[in-house]
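J.: Protein sequence lines, in the order shown, are assigned to chains A and B.
Per our numbering, residue 13 is the first one in the first sequence, and the count goes up by one each step.
Per our numbering, residue 1100 is the first one in the second sequence, and the count goes up by one each step.
Some clues are possibly wrong.
Below 30 Å or equal to it, Euclidean Cα-Cα: the simulated DSSO-like pairs (lysine-lysine) are [what the hints assert, rightly or not]: (1) B/Lys1221 to A/Lys148; (2) A/Lys39 to B/Lys1240; (3) B/Lys1150 to B/Lys1221; (4) B/Lys1240 to B/Lys1150; (5) A/Lys39 to B/Lys1221.
I should point out that these hints are in silico values taken from the structure, not numbers from a laboratory.
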Amino acid sequence: MRLRSIIVLLFSAVSVVGYAQTNILGKMEVELAVPVTAMETELLNFGKIVPEAGGGSVLISPNGERTASGSILLMDENYSAGSFSIAGVPNSLVSIVLPQSAQKLSLTNGNSEITVDGFTSNVPAGGQVVRQSDGKTEISIGATLLIGNGLSNPAGYYTGTYEVVFMYN
Amino acid sequence: MIVTNHLMNNIQRLTIALVALTGSLSPLIAANPAASATIDVELVAPLSMAKSADMQFGRVSMGGAGTGILVLGVDGSVQTTNIYASQSSSGATPAAAVFSVSGLDGANYTVLLPSSPVALTKVGSTETLNVSDFTVKLASKVAGTLIGAIGSDNSFAVGATLTIPQTQTEGRYQGTFPVSISYN
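Throw the hints in and build the complete structure from the sequences for me.
T.: Right, here's the structure in full:
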C-alpha cells in the first residue's frame, strides 16, 4: 500500500515539472501623435487709451470685451483679445499654459514700460476639444494692462510679447 | 477475502507494471520496495501567470529637439524628455503592465524580463520603436527586486523606457514583450 502511494506521488511530480517555469507575452502600445501647433491669428491689443493721473488698469477678456478701472479713458474701438488657431489630433483635448508672471510692453521709440498681467484664456478646465472635422480649434487670450501712474508713461506705441504653451491634455 | 486478495494481487501487478514505465528509477523501486519508502517527493503546485493589464505608454507627441525618451514607471507614472505625454483625458492613460502569479504558497519565484530592447511596430507599417530597460515591482517588495514569494507577491508590475527618434512618423505602435517566472 505504501509503495503504491509513493508511486502515485512520483507520477504527480513528473507531471508538474513543466510548470516550474512559465512564460507569457505582455502587450504594449504607444500612440505617436502629431504635435500641437499654434498660429497667432489676432494680436492681444488693448487699443488706444488715455491714462490720467491716478492710473488704473484695462482688462481685455478672452471674449474680447474691454473694461477700464481707475482713472483711464478708453478711446477707439480697435482692440482685441489674443487669438490662436490650434491644430492637433482630431477629438483630442488641448490645454494651455499662460504666462505666470507679469510681462512688459515697451515704448517703441523710448525707454518706458507698461506691465501686462493676469492672463486668462477661454480654454475649459479639462482642455479644449480639437474638432473632429478639420483637426483645429481656436483659443482666445485676455489679460490686464496695469498703469500705476498715468504721468509716468509718455504717450506712444507700446509693444511686447508673451509666451503661451499648448499641449495635449 | 479471497476475492480481495486476488484484487490486491492484481493491483500489485498493475503497480509494478507502471513502475517499469517510469524509467531509471523504477528498477530500484521494483528490486527493493522497502528502500523506496524513504524517497522524499514534494508535490509542487504549478506556477502560473496571467496578464492583468497591458503596458500603455499613452498618447505622446514630439517636442523639443532631439530623441524623445519616455520612462514609464512601475506605478504608471511618466517622465519625458523631448516628448509631450498626454494625460488621462486625451488618448489612452499611461499604465504599467501588471501580471498575476499563483503557485505553491510561500515558494519563491524569480521574474525574468527582456534584457535587450524589444520593438513596437507601427500598425499597418514596418516602422519600429524600441522599448528597453524593463523594470519590475513585486507587490510587497521595493521596485527592482526580482525575487518574490507566492502569497505576498501574487502580482507584479512592469515598466519600461520608450525611445522615439526625432524623425519617427506618427501612428499607433504595438508590440509584445516576454515575461517569464520560475521557482527558485
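J.: Would you mind confirming whether the straight-line C-alpha gap from B/Lys1221 to A/Lys148 stays at or under 30 Å?
T.: holds, 25 Å
J.: Would the pair A/Lys39 and B/Lys1221 pass a check requiring their Cα atoms to be no farther apart than 30 Å?
T.: holds, 14 Å
J.: Quick one, are B/Lys1240 and B/Lys1150 close enough, alpha carbons at most 30 Å?
T.: holds, 19 Å
J.: Just to be careful, I want the Cα atoms of B/Lys1150 and B/Lys1221 compared with a cutoff of 30 Å; is the pair within it?
T.: Holds, at roughly 23 Å.
J.: Within a Cα-Cα threshold of 30 Å, do A/Lys39 and B/Lys1240 meet the stated pairing?
T.: holds, 24 Å
Consistency note: the structure conflicts with none of the earlier hints.
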